[in-house]
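**Student:** Here is what each chain is made of, one letter per residue.
2 protein chains.
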Amino acid sequence: MARALDFYFDFSSPYGYIASTKIDALAGKHGREVIWRPILLGITFKRTGQAPLPSVPLKGDYSRHDFARSARYHGVPFRQPSVFPIPTQAPARAFHWVNERDADAAKALAHALYRAYFLDDVNISNPSDTIAIAEGLGHDADALRAALEDAALKDKVKLEVEAAIARGVFGSPFVFVDDEPFWGVDRLDQIERWLESGGF
Amino acid sequence: MARALDFYFDFSSPYGYIASTKIDALAGKHGREVIWRPILLGITFKRTGQAPLPSVPLKGDYSRHDFARSARYHGVPFRQPSVFPIPTQAPARAFHWVNERDADAAKALAHALYRAYFLDDVNISNPSDTIAIAEGLGHDADALRAALEDAALKDKVKLEVEAAIARGVFGSPFVFVDDEPFWGVDRLDQIERWLESGGF
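Chain order of the listed sequences is A and B. So the first sequence is numbered by this note's numbering: it starts at 27 and just counts up by one. So the second sequence is numbered by this note's numbering: it starts at 27 and just counts up by one.
Isolated chain A (complex conformation) (with noise of 0.2 Å):
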């Protein structure tokens, strides 16, 4: 079987939504696994000295526009959060804790994260409402009210992004393909051309 794709994005992060629709379908097409890997934007911008979009003059507005414009090209709901951007530790911690036993189980948590945060408007910062729909999923609501504010799955989340980013990941979505690097929704055709020929 050929290397597992590597699927980087932030629970906060539109267009790694819309890659998160799309990723695994895409990678199936041509044989290929996808390994999810929630980061945390607040540290990458930090360490890249980059700013959240809706903060960039001009750019911020653009983006903003282009979010709804970027679901609607890609058959993709979405409405645009009232919060926004959130930091995301509450549930990439989440992810991780369900992921430790089963991915499958932590790819549909993560799903239901996004069209809570990006069509039914919830703050899924608020542990509490991470929780509630990892409850609704079948998990230990009591259980991962616990991990969330275990040392140990905190550490792990922080280590994840620290070798995301030393790997080069700087913003989301961010695909590797073996080891060619794809950054943005918007690469997603080149992701299909590399995954047919092997690279061009």
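None of these hints come from the bench; they were simulated from the model. Check before you lean on any hint, since a few could be wrong.
Said to hold, decoys possible - With a straight-line cut-off of 30 Å between C-alpha atoms, the simulated DSBU-like cross-links for lysine-lysine are:
1. B:K48 <-> A:K48
2. A:K180 <-> A:K48
3. B:K72 <-> A:K72
4. B:K182 <-> B:K48
5. B:K184 <-> B:K48
6. A:K182 <-> A:K48
Claimed, not checked - If you want the ones that stay clear, here's a sample from chain A, every Cβ over 10 Å from chain B, calculated:
7. S151
8. G194
9. Q216
As the structure is a prediction and not an experimental result, all values here were calculated from the model. Glycine residues also receive a C-beta, built at the ideal position from the N, C-alpha and C atoms.
Based on these hints, arrange chain B on the given structure of chain A.
**Tutor:** Chain B alone, transformed into the frame defined by chain A:
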């Protein structure tokens, strides 16, 4: 005749260069003309607090890789210039000087300047190089040399950049279809669908 598209670009922008080889054909397929409008990213970046891509940690390395890969993806010949990025007052002023008399000749000059910079590694920030390229297309070298130092032409270019910023332009390429803004060569697909369907 439907309204012309506005194509904003900086002569130092690899993505602007790639788009410059596509935009007229794309618009023409849908019965539209294109007005070319060189800008100075040095000014827009100061206004929005952005930094040139190569100077941003991680993003800079990725971008250099992506410039060449995106050029291959779009089938456009490309070589990374040894001096990059460059200030683009000289080519922008030369473009406007020609454009005041002949828009098609100005586009031909823009293509030649872009090819010189992104294929032949000619540093078009040097007025002498820009003038030599214009002369090769039949323009009067002495007249252009004088024009490049003309205060009125300098002011015109600055006013064009200010007008672009006032319209929301913050990067290159930046295209308006009617009043709809599209940033980046990776929005050509969306531009195409917008032209086909009058919006989506």
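**Student:** Does each hint fit the structure? Answer for all of them.
**Tutor:** Going through the hints against the structure:
Between B:K48 and A:K48 the alpha-carbon distance is near 27 Å, which keeps this suggested pair within the 30 Å criterion. In summary, the hint linking A:K180 to A:K48 is supported, as the alpha carbons are separated by about 29 Å, within the 30 Å threshold. In summary, the hint linking B:K72 to A:K72 is supported, as the alpha carbons are separated by about 20 Å, within the 30 Å threshold. The suggested pairing of B:K182 with B:K48 holds, with an alpha-carbon distance near 27 Å, which does not exceed 30 Å.
Pair hint B:K184 plus B:K48 holds up; C-alpha atoms about 26 Å apart against a cutoff of 30 Å. Pair hint A:K182 plus A:K48 holds up; C-alpha atoms about 27 Å apart against a cutoff of 30 Å. The beta carbon of A:S151 is kept farther than 10 Å from every beta carbon of chain B, the shortest such distance being approximately 25 Å. A beta-carbon of chain B comes within 10 Å of the beta-carbon of A:G194; the shortest separation is about 5 Å.
Not every beta carbon of chain B lies more than 10 Å from that of A:Q216, the smallest distance being close to 5 Å; the non-interface claim is violated.
Against the hints set out earlier in the document, violations occur for numbers 8, 9.
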